[in-house]
Amino acid sequence: MSFVAAGFLFALFALAIPWWLHRRQAQASDPVLVGSLLLLQSSPAPESRRKTLRYRVLLALRLLLLALLVLAFAQPVLNAVLSAPAINSAPPRLVVVDVSASMQPYLAQARELAGELMQGRSALATAGAQLTVLEPLTADPQRHAAALGALTTSAASLSYENLPARLSTLADSLAASGERVSIYFVSDFQLSAAPARFNTLVDGITHPLFLNPVARTALPNWQVQFDGANEIAVRGTNTPSADVAVEVSREGEVLMADRLSVAPSGQVVLTLPTIATSRHDQRLTVTIVPPAIDALAADNVRYLVNSQQQYQPVAVIGSSAQQRYVRTALQAGDSRQATTALTAQVAVALDPAEAVGELGEYLRSGGRALLFAGADVRNSLAELVPDILVVDSLDSQRTRRVATTDNGHPALARVGAWEDVAVFAHLQLKADSAQVLARLDNGDPWLLEASVGLGRVLLVSASLAPRWTNLAASAGFLLFLEDALSYLSEDFTPTDIAAGSTLRLPFGNAQILNGAGERMLNLGQSQGAAVISLQQPGHYELRTAGMVTESESSRSTSGRRYLAVNVPQGESDLSLMSDSALQRWREASLSDADASVGSTEDRSDRPDASFYDLPLAPWLLGLALLMLLAETALANGSVPTPARSQALNS
Amino acid sequence: MKPQRSARERLLTPDVLAGLRNLDLVARTAVEGSLIGLHRSAKFGFSQEFAEYRAYAPGDDPRYIDWNVFARTDKTFVKRFYGDTNTQLLVMLDVSASMGVGGNTAGAVDKLSYARFAAAAMLHLASRQHDRAGLLLFADEIVDFQPPRPGMRNVSQLYHRLEAAEARGQTQWASVFETLAPRISGRALVVLISDFYVEPEDLAAGLKKLGVRGHDLLVMHLLAPEDWKPEAGSGRLVKDAETGRTMAVDPADFQGAYQTRLRDHIDQTRRQVLGCGGHYLQMDTDQPLNQTLQRYLNFRARHP
Chain C
14 MSFVAAGFLF ALFALAIPWW LHRRQAQASD PVLVGSLLLL QSSPAPESRR KTLRYRVLLA
74 LRLLLLALLV LAFAQPVLNA VLSAPAINSA PPRLVVVDVS ASMQPYLAQA RELAGELMQG
134 RSALATAGAQ LTVLEPLTAD PQRHAAALGA LTTSAASLSY ENLPARLSTL ADSLAASGER
194 VSIYFVSDFQ LSAAPARFNT LVDGITHPLF LNPVARTALP NWQVQFDGAN EIAVRGTNTP
254 SADVAVEVSR EGEVLMADRL SVAPSGQVVL TLPTIATSRH DQRLTVTIVP PAIDALAADN
314 VRYLVNSQQQ YQPVAVIGSS AQQRYVRTAL QAGDSRQATT ALTAQVAVAL DPAEAVGELG
374 EYLRSGGRAL LFAGADVRNS LAELVPDILV VDSLDSQRTR RVATTDNGHP ALARVGAWED
434 VAVFAHLQLK ADSAQVLARL DNGDPWLLEA SVGLGRVLLV SASLAPRWTN LAASAGFLLF
494 LEDALSYLSE DFTPTDIAAG STLRLPFGNA QILNGAGERM LNLGQSQGAA VISLQQPGHY
554 ELRTAGMVTE SESSRSTSGR RYLAVNVPQG ESDLSLMSDS ALQRWREASL SDADASVGST
614 EDRSDRPDAS FYDLPLAPWL LGLALLMLLA ETALANGSVP TPARSQALNS
Chain Y
188 MKPQRSARER LLTPDVLAGL RNLDLVARTA VEGSLIGLHR SAKFGFSQEF AEYRAYAPGD
248 DPRYIDWNVF ARTDKTFVKR FYGDTNTQLL VMLDVSASMG VGGNTAGAVD KLSYARFAAA
308 AMLHLASRQH DRAGLLLFAD EIVDFQPPRP GMRNVSQLYH RLEAAEARGQ TQWASVFETL
368 APRISGRALV VLISDFYVEP EDLAAGLKKL GVRGHDLLVM HLLAPEDWKP EAGSGRLVKD
428 AETGRTMAVD PADFQGAYQT RLRDHIDQTR RQVLGCGGHY LQMDTDQPLN QTLQRYLNFR
488 ARHP
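Note that the protein sequences, when read in sequence, are chains C and Y. Note that the first sequence covers residues 14 to 663 in the numbering used here. Note that the second sequence covers residues 188 to 491 in the numbering used here.
Just so you know, nobody snuck in bad clues.
Under 10 Å between C-beta atoms, here's a sample of chain C residues computed to sit facing chain Y:
id, residue
1, G48
2, L50
3, L51
4, L53
5, Q54
Listed next, the stretches of chain Y that the computed footprint assigns to chain C, with coverage defined by at least 3 CB atoms under 8 Å from CB atoms of chain C:
id, segment
6, 407 to 417
7, 432 to 438
8, 441 to 449
These aren't lab readings, by the way, just hints derived from the structure by calculation. These numbers come from a predicted model, not from an experiment. Here a beta-carbon is modelled for each residue, glycine too, at the ideal position from N, C-alpha and C.
Sequences are here, hints too, so could you generate the full structure?
Okay, here's the thing in structure tokens:
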């Protein structure tokens, strides 16, 4: 038997209260001291004995009632065993194994447990950065074994947030329509993967979900983390006091080597050595050599990039009033240099009526522009951006709001929902082959991305003037301006991402090379792929088409761009979810899935048996109710005195 | 509703006297407070200490006419003296465990404390009148005995003995009287203070042993509010303070039959005391001490 909320058991100390009250009452009924019994007459003794008996029964009832209530709140669960289910009649199983970085120490156990769980028609999938089906539903044991053999862990992280809903969707796709699938999730149930809101663990469950932990105690682990700025931290979780060797190298050259004494489950912060400025990005590697007991080796190396990127100058053309505003915004933001000539790699075009021809030529020859299209360019817009058709001249009937935004796009990653942007007038555009990144509440495109010759344009369907929109005054405008220009000038590339996270490639013409210089994408893939997921930690090199062809000396800011991919920080903390939290998840999962026969087996020691947890709280509450009724009857019932009995008899 | 007490009475309530701590001070406070406003004749007696002259009135003893004054003024005056009866006073105080009962009611003290105050006041009065004063404390045996002696110093010693008295033991009336009677030389005023939880016939047998020796007997029957209403708690068990024996009783009995039996007991005790030639006074521990002393003084006025 176990308790879901064992902390409530401390309330058993409250049993002392009725005991104390009864003692006090008993003391209050201690004999009254009188001068003499000479003038007193004794009354029959049986009534006193009856009173004593009643007193003791009442005390027992009250203590029992309180104990039952406390136990009910502690939610005891009886771990019972069901008879072995008939495999042929059992629903198909989807066994999902957590393959995040924290599962590396438990891979063998997970494989063994998954093998035991794969009975009858079963499918095997892995849950890491994304869900991957290794083997669809099949009853073939050989295919099961082959799929289990292919199980490997990744360096990516896994969050349990909305995972049950995603698993249910996966189960729907694997099984026949309407077929109930039992989902068995094998994981270490790492605490750092648990979401802040419990509801996200149970929302969207349509199939029974059984949780199968492979770990009961947290293992010791050493890690090195980059804490931002110029510092690294060597941390131990569940570790004893130890000396840890640290080495910092740049492009293979050792810059610093040290030995740090780390307290039990403590950390030591180390400042990186000053690195001279270079024309190119520099790859740094921080490596620690911890003591022998270290559960996770992948987080003993931290890859860093000393970025030397500089922002491109921006050409600002068009309405002079708006030009001043945008120049000020550029200075206030990334301190970009603003020019008026279209010689820079990227431009901001503010309804440039007189420069439409020049802007078209600029784009076709490879320039990139953020274009605010107002009334002045309305007539020449189809010529300027052939992929966009102007459906109607102008919509100024009513104020519009931004309804949808693609926040996965680098230009919109930080602006959020753009809720405070009001659009008083806009050009009604129809995207032909252009990509719509944001739409207004009437469905009209608000922000589009299109290719023009060798160039690219981000087009806003309104002028930046206040009579068109309050975008310039909105809270997210500066962020949008920075991100859009970074995106267009290819400055957007991050330098440090977590393994398993996706990277949006610049304009689809890019090459990714791993640390060994091997291409991660071939040319065909690089043309079509907009995003790529990097699973393995290490340094990667990013090359765009322009970079490859142009001479490095022709552009002062060009050169190799490196990307550091590391084990997600949360994966390094191997602390586990508490048993009570896991039990709560189990119960909620089964109740939400309306499982007719549930099996919340936490360890399939008997693969042919099913376990289920019988909640005892309702029974205890029922018993407590009976106790309450008995106590009420006994406490309020009068004990007839002899005189009263005589009166009744007469 | 309780009657309003005068300021003097409020000063002499048992709880106020209990706060004085010093028994000598208690006695002086009680006695002087009781004497204020009294007619002085109540205090005059056969002492050799001259007090005043008063015009002769019919009924006055002609032996006290001062003939020298008559010779000078041709008027008859009677010489008056402060009372000095030259009497022995022996206070017998029951200090058995039952005397420790009481003191739970507002304004009251336990019976032993009240008795201690009353005894101290009587001893003080005796010393003022140059009487010899003695003290006997008894329970299952004689706890302390000081034969009557004259002087304030003696009274001070008696105060100390009174203060040291503790309520314990069970009263053995027969043995106490048997032991005491031959130890009092000469006639004495014997003041017996107790709650008298004894069969009245047994008490009478003891009193007679004193009465036959010519002693004047004053029996002060002390009752606390708890004696009238012992149901202070909600329980049904009562415990004898002296024997420790417990007994289950019907709470309803306290309200009716018990009080009737107590009144009968008091009445029978009084009859037995009077039958032995003694005098009977009932004292309640929630009453001001001066009322008790008043009654004692009245008794002394009638029995100089």
